[in-house]
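A.B. asks: Here's the letter readout for the chains.
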Amino acid sequence: MLPLNFLQILFLLGFSLPAQAAPRPAAQAPTEPAVFRISGMVVDAISGQPLARASVSMDVSPAAGSSALLESNRTAVTDTEGKFAFPGVPPGKYVLSARRRGYFPQMYQQHESFTTAIIVGPGLDTENLTFRLHPAASVSGDVRDEFDDPIRHAQVMLFRENLIGGTRRTSVIRQVTTDDLGHYRFGHLAPGTYFVSVSAQPWYAQHSPRVRPNQENLNSSGTISSFSPSAQQGQALDVVYPVLFFPDANDLASAAPLALRAGDAASADFRLHAIPALHLLVRTPVTDPSQPVNIRVTQSLADGREVGLPASIQQVAPGLIEVSGVPPGRLSLTQMTPNGNATTQRTQRVQVFTDAEVDATQSGSSIVVSGIVRMDDDSPVPQPTRVFLRNSATGQNATTDVSATGEFSFKSNPVEMGNYEIMVAAPALFIRSLSSSDVKTTGRSFQITNAKDVSITVNVSKGTGRITGLALKNNKPCSGAMIVLAPLDLRSNPALFRRDQSDSDGTFSLNAVVPGRYTLMAIEDGWDLEWANPDGLKKYLPGGESVEIVPNQKSEIKVNVQ
Amino acid sequence: MVVRSVLVCLLAVSLSLTRSFAFPQSLLTSTQDKYSLTGMVVNSATGEPIRGALVQIYINGQSSQLTGPDGKFRFDRLPAGQTPVNIRKPGFFSQQQLENGPVRFTQLVGTIGPDAPLLILKLVPEGVVFGRITAEDGEPIENLPIQLVVQGLENGRKVWRDHAGGSTNEDGEFRIAELQPGTYYLSAGPSSNPVSAASGSSNPGALGFPVVYYPAGSDLSSASPISITPGKRLEINLTMSAQSCFRVTGTITGHGSGQYVNLQVANSVGRHFPTNPRFDPATGSFRIPCISPGAYTLFANTQNPQGHSLIASVSLNVNADLSGVHVLLLPTANIPVRTRVISSRTGSEQFSQQENYFPAYVQLVSHGSGIFESRHHSQQVGEPGSRSLEIQNVPPGTYSVEINPNGMFYVQSANSGSLNLLESDLSVAAGGSPEPIEITLRDDGASLSGNVSLDNESSSAVILAFPDHSSAPPIIQPTDPKGSFSLPFLAPGAYKILAVDRVEQLEYRNPEAMRRYFSHARDLTVGPDQKEKIELELLKVGD
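Line by line, the protein sequences give chains A and B.
Quick note, the first sequence lines up with residues 1 to 562 if you use this note's numbering.
Quick note, the second sequence lines up with residues 1 to 543 if you use this note's numbering.
Same shape as in the complex, but just chain A (with noise of 0.2 Å):
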């Protein structure tokens, strides 16, 4: 089963929200009030050793709601032989998870977000589970500057290349700082491939203007002529860290990937080089001057994380604000003009090596992106309903609120030219297609191709339908395999693929299916599949069941696991 939050899983995996998962049909109520035992030993993957001290945890499956999970959520150490047990356990479906020093946190037979579900009731085997538990992973490093001092207060960002909807991506999980030795360490890290980088400011950077606020610097027509240095004392200090991934990259492209297996302990070791900082000159639009525009820097580290630079920004005169402090390469400029009791943002991407000119009086993201939810019976649009529009190029993403009337303006959030997603977050409702005759559309994206506003109309339908199964090996129910929901053109829409892990008695759910036909297919040990790709799937397709989903209905279907 899929034990996360919904709302987070499928917005990363790009779906429309679908209907809130149903509960599922709550186990037979025997008629007398019959309870039962979870229990088991924990033990290391590898060494198959017993593991005490290990923390296991039993929740009802979060279907149920928060305050069933503070209710039944139980608590039970492993003893010297790494027993545990929960006795009095009512029949249900429970999620079991164990922490320990040395290991990462983990579900039982977890596999990305699945695990299987321990089901509880007359006649099925709950006792004697053996929980593996992989050993942890571990990245440690220290920071340090050109003279061999150690760099504190650093903030250092552990990324982790991710199977995200069948596709690879990499985005932060977790950030730290260093302390006084300049040292820092991720722990209970699973399996996988690691980047890790480095943000800081040397502690002793002087970063100011060069350009005095005064009128000689403006010609008669209120422009500045040239962008002359003031000859300024400490010029010396006036310098920056640039963002440095390991081992000694300046992007996440050409940075080295840690692969780390269970039990492995990296180090990363930084040294970071003090590099003049720049002084870019931005021209803006003249605005009121009781209204100061601001300008904030950031620069964009992996799909959708944008890290604050610490630029400091003056006003030289109307229009024209000096940003001091920056490093070379790839920034964002963020104006920030007061608009009443709002603030309008436009945002340009410059690339930049030496102190420059921006013009950014014609932001490059000035494109607006408004438009229709359109449902297909046209029936109004269930509220609230909001609608998400991704780059899908820097994962940069923003959100706004759909009338009943379907209609949405990005107004605030005007973008660049580039290639974009829709995203529609509401129960029950999907895209089936979006069309513009301003841009060209796939599936649910468009490609802005000219600087002008863009309208388009999302086709939605609503209605989802849901599978429930079982998998069968040797016609026993099979716990553990991965189910893979596909539709007939592979190729179509990644975002139409479902899956699940069967639970301990074989059965699993898939929710939220989007009307169709489909392939549906067990897989034993198929977790390392990168099930999206087609060529990937292909042997398993003759083995699988052909299912028709229609709206709001539910499908049984057994399926052989492969």
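Errors might be hidden in some of the hints.
[As the list claims (entries may be wrong)] Pairwise CB distance ranges (calculated):
no., chain 1, residue 1, chain 2, residue 2, range
1, A, 203, B, 307, 19 to 29 Å
2, B, 36, A, 203, 23 to 33 Å
3, A, 87, B, 326, 34 to 44 Å
4, B, 380, A, 344, 54 to 64 Å
5, B, 107, A, 146, 26 to 36 Å
6, A, 376, B, 326, 47 to 57 Å
7, B, 180, A, 48, 23 to 33 Å
8, A, 236, B, 535, 51 to 61 Å
9, A, 354, B, 455, 50 to 60 Å
10, A, 88, B, 143, 26 to 36 Å
Derived from the structure by calculation, the hints contain no laboratory data.
Every residue, glycine too, gets a C-beta built ideally from N, C-alpha and C.
With the hints as your guide, set chain B onto chain A.
C.D. replies: Chain B alone, transformed into the frame defined by chain A:
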């Protein structure tokens, strides 16, 4: 060249070092920029030069430099004059950082001119406490809270303060740096979840690590002080034994349905513990998974939709699993403050007429059951045009009432009903609506001025005037660098007056600690509108 400390006295003003130091214009300009400021930064503990320290001067604008490998710096082409000098380096404190406080602000000043010798500047190295926490079987204890506690003086009273903290890593290790020289106390624990199954499966109890004060005490009074001297690296390793810990469950009522309630557990002296309480807004039930035997107070607080605080405290005596604990949230008190001024000139009473002006502000100070001080300030409430003064969201407890008149007034009386707040503490009950605090101010105060003879070591003094007629805190006023002072608007009455060098180190709210100083104090009685001039000798705190 001379280096000296200039003492600038400030009351309740925080100064930015770089910007607020105004120099006479004559110092900023000069016709001859031909001098140099040279010097060296050294480690105060070892005398070794410090490479890469930042030196900043403020003459002809700001100039900054890092010291070289020999710890030396040199600023050229400077006019003769004086400049503030700031020095900084991670891992070190400047003397000024260590000395400056709310009533003291010293600034290192360098003098530039002919025949200037090398400027030797000292940085004080930080202290570090580090170590490892293990269970009796040698297994490192992970994720255990570590806290350093300091005893300090705040407003003339001894208070405990949590200074810095952290938690142990996977190897049971902790490390706390950036410690100023001083005396600290270290606590480890408690673990907020069961860490171990009780031996023998017949006993279903859980085990956790209780709080331990270094070296082995269970409370602060049995803790040993840890002395951190400049540059000290102190290793503290502790072995902890798991004890039975118990589960506390119950329900909270009195809050809006579905509203979240914050829960905190404090021990008998008011220290808060991380206990990982869980609260379910839907049912109002809460659970604390693992708490060591002992006496605690469970605090709960939330806000109602109108923004008013609700609060509750329940005593817990934990020696077994506790269930069915009921916590009833009650509104905190809002205490109105009414002020009136009696003008001696006209003899008439005059109520505050001006919008947004109140002749006095009030603070309630709680020392409660604990050792941590808490303060509640009066604030303006109501719509413009009909504003009044109120102390809001006061939890039940006993408070001393401190009144700070604005301008040229003194407090003649302060009452809550028939209670004289100049002599007695104020008790605030749970869920009640307390009587207003009524304050009468007068403008015919006495005025006292005078001089303190300063010695070479002290560049300033602070005057304390203790009223004999009330339990109110003393009036505190720093002298100017020459030792002159003036205390206008004194309430008529008898005072003990003294001048000290370091008020921040004086426990002036403790009569016992003050006895030795009072024997050197000047007794003085002043009447309305009386002007008095006195000479005071400087008392050294601690001598």
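A.B. asks: Hint by hint, say whether it matches the structure.
C.D. replies: Each hint tested on the structure:
Here the CB-CB span from residue 203 of chain A to residue 307 of chain B is close to 41 Å, at odds with the stated 19 to 29 Å. At roughly 26 Å, the beta-carbon separation of residue 36 of chain B and residue 203 of chain A lies within the given 23 to 33 Å, and the hint holds. Restraint check, residue 87 of chain A to residue 326 of chain B: a C-beta distance of roughly 28 Å breaks the suggested window 34 to 44 Å. Between residue 380 of chain B and residue 344 of chain A the beta carbon distance is about 34 Å. The supplied range of 54 to 64 Å is therefore violated.
At roughly 32 Å, the beta-carbon separation of residue 107 of chain B and residue 146 of chain A lies within the given 26 to 36 Å, and the hint holds. Range check, residue 376 of chain A to residue 326 of chain B: Cβ separation about 54 Å, and the 47 to 57 Å hint holds. For residue 180 of chain B and residue 48 of chain A, the hinted distance range of 23 to 33 Å is not satisfied, since their beta carbons lie about 52 Å from each other. Range check, residue 236 of chain A to residue 535 of chain B: Cβ separation about 53 Å, and the 51 to 61 Å hint holds.
Take residue 354 of chain A and residue 455 of chain B: their Cβ atoms lie about 59 Å apart, and the range 50 to 60 Å holds. Between residue 88 of chain A and residue 143 of chain B the C-beta distance comes to about 29 Å, which sits within the given range of 26 to 36 Å.
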